[in-house]
Each structure stands twice: as structure tokens, then as C-alpha cells.
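Participant: Sequence:
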Amino acid sequence: MSKKIFVILLSILGIAAIFGIGMQMANANANTKTQDHRQVITFWHAMGGANKVALEKLVAEYNKSQTKYEIIPSFQGTYAENLAKYQSVAGSPSAPDLVQVPEVGTQTMIDNKNYIPAYKLFEQDGVTLNNIEKPISAYYSLDGKLQSIPFNSSTPVMFYNKDVLKSVGYNSFPKTYEEIADIGRKLKEKGSKTKSFSLQVYGWLFEELIANQGNFLMNNDNGKTGVPTKVSFNNADTRYMLTWVQNMLKDGTAVNYSTNENDLTAGFLKQDVAMIFASSSSANQIFKTAKFNVGIGYLPIPEKKQTRTGVAIGGASVWITKGKSKSETNGAWDFMKFMLKPASQAKWSLATGYFPVNKLAYNEDLMKKAYAKNPELQQAANQLHDTKNVPQTQGVLTNVITESRSIEEAGMDSIFNGANVTKTLDKVSTDVNNALLQSNRSNGKLQ
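Each residue of the sequence shown is one higher than the last, beginning at 1 in this note's numbering.
FYI, nobody ran anything at the bench for these hints, they're computed from the structure. Incorrect hints may appear among the rest.
[Said to hold, decoys possible] Using 27 angstroms as the maximum straight-line C-alpha spacing, the simulated DSSO-like pairs for lysine-lysine come out as follows:
# : residue 1 : residue 2
1 : K337      : K33
2 : K134      : K368
3 : K250      : K305
[Claimed, not checked] Between beta-carbon pairs, the in silico distance windows are:
# : residue 1 : residue 2 : range
4 : D111      : S325      : 30 to 40 angstroms
5 : T32       : K291      : 49 to 59 angstroms
6 : D251      : K145      : 44 to 54 angstroms
Just so you know, even glycine gets a beta-carbon here, dropped at the ideal spot from N, CA and C.
Whole structure, please, built from the sequences with the hints as guidance.
Facilitator: This is how it looks when you write it as C-alpha cells:
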């Protein structure tokens, strides 16, 4: 997930990319053939740590599997840094053949038009899209047509302490806001040191809870049927959701870690809180570290809603840049086809915690054995598969989503510290609407 720094880095690093690393980029693309006459395919990505190791392992496997192409993966820093660098060279010979872009950069890529729509490559090669997870492909589609290739995808899930919940009569995860509050009251009554819950101050989670209630973040179906011009979240449902968290904090049954994801995870692992919402890709780390029984559950909804709508994916996709030689384009696409294979997706998912993009990966022995060993891991996939394929769960097509998240987070922080919910949400709405107006004006999108 890219967060608040995204907009700032886009402007600052865009300049730095041109002057500071321009020669490095040019040199990276200067040699288009290897000594054994393979076509070099450059791939800029933002996968660090264990994810970088997992990616490089699959790249090595692909390079060894054939003799026509050589994929050269190049770590370019954070999502924001990678996209800023790409934007500085987009459309030029120095641009990479493949670039990984976070979900919030989708509209930026669509606007700059320096890519080959993925659906065209699928069609010309006769490759079916039927096995690609619909909730994932829908996010990266425009007018129902896939624009980029889903790569690393996750959703928020509830991680919960099975032992603590069982101590107050819950043998499974709570389904509603009200049940989470009930767990808090019961833990408080029995004098437990563990609080019920913590919601990170994070615009992504704000948006996910809104979508799960069947509501839109912005008008025009979250930008699917027209350019968003104003927010749609300033309503009774959002006020109820924020008031629910605020009341638990006032009652001393919840904990506020603000924007600090590391503190949130640490609080859960130390059993200071019994439930948190975090990315499904965090599962490997949490299960490996926890000294108690961990469960994975769906995001909750208010009791009055009765049915959940589902969650939107986070993460990133890979875009194939246009203006390259036929050999480069063919090689880039050939590598992405390899990455979409069930076996590749199973390896990628188990190494990183991201969802397999290809549904057939769940039939691979690797996945079956992993789920048999820890059935809780399948809960994240179950939530994804139970998600309704509607615009509310397909993300928001706008250039201001990162700025919007920063504004949402400021509002959440104020409310969690006691500010008036209605007045604060009104201000958040006004500020996001102003950001939309300015963006639409500067991009010539005023209707």
C-alpha cells in the first residue's frame, strides 16, 4: 500500500529521477542483448525484503526455462519512488519494459497512456481471462477491459486472538461492530489486560469499511461511470462506523495506535489487543511470531446491514510499456504469462502472503498442503471469493486517492482523539471535494 508520502514523493522524486538517476536508467537499457543473444527485458519493481527474494527466485526460474529472453529485475525503492522514476522516463527509450505500479497509481497510468492494455495481449495470444480472480481483475479494468496484469494482491482481514475471544464466549470471529464492542465490555468486566480492538488510522481501511457496507467512496460509481467530482461517504453509515470506534476508545475497550502499523502489529502480538485489521499479506509474519492461537476473519459490518458487500484489493499490478521493439514486448508478455501460471502463483503466494491471481493455483499441491497445515490461511481467500463483484469493491478511479487518504487519516485521528464526528466528517468531505476540483481542473476533466 502506498500511503501519505505518495503525492510528495511523486513531485520531488520526479525531478530527482530526471537529474539524479537519468544516466543510470539510460545505461540499464543500453545493452538490449545478452552475450548469448537473449533479448533483455527490464522490470522495475518495488518488492523489498523477503518479497524481493521471492521475485528474484521466480525470475531466475523463468530465465533458466528458456533461451530467448533475460528478465532483469530492478528494485527502484518504494511504490512511490518507483512510479515517480517511471513517470520521469515514460514514453522514452529509457523506460523499462515492465513496471510495477500500486493500485492507487492506476488512474495515473491510464492518463499517461504509455502502456499496452493487457486485454489486447490476452486476446492476441488466445489466453483466457476466466481463471484470473474476478475481484482482482475488476480493479485493474476500464470499461470491463483489463488494463494491467494483477501482480501482488491483498485485502484487509481481521486477525484475532482465539484464546482471548474464547475466554469471553466467542468461538469464532465477530461478524459485526456490535459484537466487537461486546467483546470489549466482557474483557473489561473480567479485568483482562487485553483490550478488544484497534483500528489503524489508515485511509485504506476507512475505504474498505465503507465498501463492505455497500457504499461508495466517491460519486459516479467510484469513477467507473464518470470522473469523480465529490465524495459519497459523508452519510449516516460512515458516522456510525467512526462513532463506534470513538465510543470504544472512550470506554477504554479499544486502543489507538494512530497511523503506526508496527505498533499495531506489536500490540496484537503482545496481546494488548485481541483484534486488528491488517493486510492479508501479513499472515506469514503474524503466524510465525504469535505465541497464541491466531485466527483470520472477515471485516465486520454494522448489525443493521445484515449482509456484507466485501473488500477491494490492495497491492500492485504490472504494466507493459508501449513504444518498445516487438522482441521486447513479446519477452515482457512471455514472462508475465509465466508468472500467471498456477505453479508460479502458488510459489509466489506462499512465499509472500499475496493472493494467487490465477484461481487454478489453489489446486496445486503446494497450496493444498499449506492450507491443510494451517486452514486459517484460507480465510483470506474465502473473504475475497465471497466479495460481490460490484463497483463498490473495485476501487476508485481518481488521481487524488492518495491525497484523499491523507485527508481521511487526519479526520480519523481527530475523531479517535475525541473530536465531533459530524463536524470532522464534514471537513474531511469538503477537503477531499476541493482536492477533486483542483485535480479535475488541472487535468482538464471538468464536466
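Participant: Which numbered hints are broken by the structure, listed smallest first?
Facilitator: 4
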